[in-house]
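Each step along the sequence shown adds one to the number in the numbering used here, with nothing skipped, and position 47 is 51.
What the hints contain is simulated information worked out from the structure, not anything from laboratory work. Computed from a predicted structure; not experimentally measured. It cannot be assumed that every hint is accurate.
[To be verified] Think about it this way: if two alpha-carbon atoms lie no more than 20 Å apart in a straight line, the pair counts; the simulated EDC-like pairs of lysine to aspartate or glutamate are:
(1) K36 / D72
(2) K21 / D57
(3) K36 / D57
[As the list claims (entries may be wrong)] If you anchor each label on the Cβ, the simulated ranges turn out as follows:
(4) N78 / K27: 19 to 25 Å
(5) E25 / N78: 28 to 34 Å
(6) R75 / R31: 40 to 46 Å
(7) T80 / I39: 35 to 41 Å
(8) K36 / T80: 38 to 44 Å
(9) K40 / N78: 42 to 48 Å
(10) R75 / L37: 31 to 37 Å
(11) V71 / L24: 38 to 44 Å
(12) K46 / N78: 35 to 41 Å
(13) P41 / S76: 22 to 28 Å
(14) L69 / D35: 16 to 22 Å
(15) Q42 / T80: 36 to 42 Å
(16) D68 / G43: 19 to 25 Å
(17) K27 / S74: 31 to 37 Å
Each residue gets a CB set at the ideal place from its N, CA and C atoms; glycine is no exception.
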Amino acid sequence: MSIVYKSNEQVLIEIKKVMLETKTTQREIADKLGIKPQGLTKILNKKNFGFEDAQKILSAMGYDLIVDFSRSQNPTYTE
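Using the sequences plus the hints, can you model the full thing?
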(Lines of atoms letter the chains of each structure in order from A and count residues from 1; the text may use other names and numbers.)
(Lines give C-alpha, C1' and ligand atoms only; values in the text may rest on other atoms or scores of the structure.)
Protein backbone atom coordinates (compact mmCIF):
# COMPACT_ATOMS: atom_id res chain seq x y z
CA MET A 1 0.00 0.00 0.00
CA SER A 2 1.35 3.39 -0.96
CA ILE A 3 0.64 6.60 0.89
CA VAL A 4 1.15 10.05 -0.60
CA TYR A 5 2.65 12.29 2.05
CA LYS A 6 1.99 15.98 1.79
CA SER A 7 3.80 17.11 4.94
CA ASN A 8 6.56 16.15 7.34
CA GLU A 9 3.91 15.88 10.03
CA GLN A 10 2.40 12.87 8.26
CA VAL A 11 5.79 11.13 8.25
CA LEU A 12 6.20 11.91 11.95
CA ILE A 13 2.78 10.41 12.69
CA GLU A 14 3.77 7.20 10.90
CA ILE A 15 7.02 7.03 12.90
CA LYS A 16 5.06 7.41 16.13
CA LYS A 17 2.72 4.61 14.98
CA VAL A 18 5.76 2.34 14.47
CA MET A 19 6.98 3.27 17.94
CA LEU A 20 3.61 2.26 19.41
CA GLU A 21 3.35 -0.95 17.38
CA THR A 22 6.86 -2.05 18.36
CA LYS A 23 6.51 -0.76 21.94
CA THR A 24 9.70 1.24 21.47
CA THR A 25 10.13 4.09 23.93
CA GLN A 26 11.67 7.46 23.25
CA ARG A 27 14.28 6.61 25.89
CA GLU A 28 15.31 3.47 23.96
CA ILE A 29 15.66 5.42 20.73
CA ALA A 30 17.54 8.25 22.44
CA ASP A 31 19.96 5.74 24.00
CA LYS A 32 20.65 4.20 20.60
CA LEU A 33 21.22 7.66 19.12
CA GLY A 34 23.51 8.63 22.00
CA ILE A 35 21.34 11.55 23.07
CA LYS A 36 19.14 12.36 26.04
CA PRO A 37 15.40 11.68 25.79
CA GLN A 38 14.82 15.44 25.87
CA GLY A 39 17.00 15.73 22.76
CA LEU A 40 14.82 13.23 20.94
CA THR A 41 11.70 15.11 22.03
CA LYS A 42 13.20 18.27 20.53
CA ILE A 43 13.83 16.46 17.24
CA LEU A 44 10.30 15.03 17.15
CA ASN A 45 8.73 18.41 17.88
CA LYS A 46 10.80 20.66 15.64
CA LYS A 47 9.01 22.43 12.83
CA ASN A 48 11.55 21.50 10.18
CA PHE A 49 11.53 17.75 10.96
CA GLY A 50 12.96 16.20 7.84
CA PHE A 51 14.42 13.27 5.97
CA GLU A 52 17.61 12.95 8.03
CA ASP A 53 15.66 13.08 11.30
CA ALA A 54 13.28 10.37 10.13
CA GLN A 55 16.15 8.25 8.84
CA LYS A 56 18.05 8.42 12.16
CA ILE A 57 15.02 7.54 14.26
CA LEU A 58 13.88 4.70 12.02
CA SER A 59 17.40 3.31 11.83
CA ALA A 60 17.60 3.29 15.64
CA MET A 61 14.41 1.18 15.63
CA GLY A 62 15.80 -1.22 13.03
CA TYR A 63 13.83 0.15 10.08
CA ASP A 64 14.85 1.54 6.71
CA LEU A 65 13.35 4.71 5.28
CA ILE A 66 12.24 4.01 1.73
CA VAL A 67 11.35 6.85 -0.61
CA ASP A 68 9.50 6.19 -3.84
CA PHE A 69 8.56 8.56 -6.64
CA SER A 70 5.65 8.30 -9.04
CA ARG A 71 4.40 10.59 -11.76
CA SER A 72 1.56 12.80 -10.60
CA GLN A 73 -1.81 12.48 -12.29
CA ASN A 74 -2.36 16.20 -11.72
CA PRO A 75 0.97 17.99 -12.17
CA THR A 76 1.10 21.51 -10.77
CA TYR A 77 4.55 22.50 -12.02
CA THR A 78 4.61 25.03 -14.84
CA GLU A 79 7.44 26.97 -16.42
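Here's how the hints hold up against the structure:
1. Annotation: proposed proximity of K36 to D72 is violated, straight-line Cα distance about 27 Å (limit 20 Å).
2. Between K21 and D57 the CA atoms are separated by roughly 16 Å; this keeps the pair inside 20 Å, and the hint holds.
3. Under the criterion of a C-alpha separation no larger than 20 Å, the hint pairing K36 with D57 is consistent with the structure, at around 14 Å.
4. Range check, N78 to K27: Cβ separation about 40 Å, and the 19 to 25 Å hint is violated.
5. Our hint of 28 to 34 Å for E25 and N78 holds, since their Cβ atoms are close to 33 Å apart.
6. Between R75 and R31 the Cβ separation comes to about 42 Å, which falls inside the hinted range of 40 to 46 Å.
7. As the Cβ distance of T80 to I39 is approximately 38 Å, the hint placing it in 35 to 41 Å holds.
8. Distance hint for K36 and T80: a CB-CB separation of about 39 Å, consistent with the stated range 38 to 44 Å.
9. Checked against the given bound of 42 to 48 Å, the beta carbons of K40 and N78, roughly 44 Å apart, stay inside it.
10. For R75 paired with L37, a C-beta distance near 36 Å keeps the hint of 31 to 37 Å intact.
11. Between V71 and L24 the beta carbon distance is about 23 Å. The supplied range of 38 to 44 Å is therefore violated.
12. For K46 and N78, the Cβ-Cβ distance of about 36 Å falls inside the hinted range of 35 to 41 Å, so the restraint holds.
13. For the pair P41 and S76, the supplied restraint of 22 to 28 Å is violated, since their beta-carbon distance comes to about 39 Å.
14. At about 20 Å, the beta-carbon gap between L69 and D35 stays in the expected band of 16 to 22 Å.
15. A hinted range of 36 to 42 Å for the beta carbons of Q42 and T80 is consistent with their spacing of about 39 Å.
16. D68 and G43 have their C-beta atoms about 23 Å apart, which keeps the hinted 19 to 25 Å range intact.
17. The supplied range of 31 to 37 Å is met by K27 and S74, whose beta-carbon atoms lie about 33 Å from each other.
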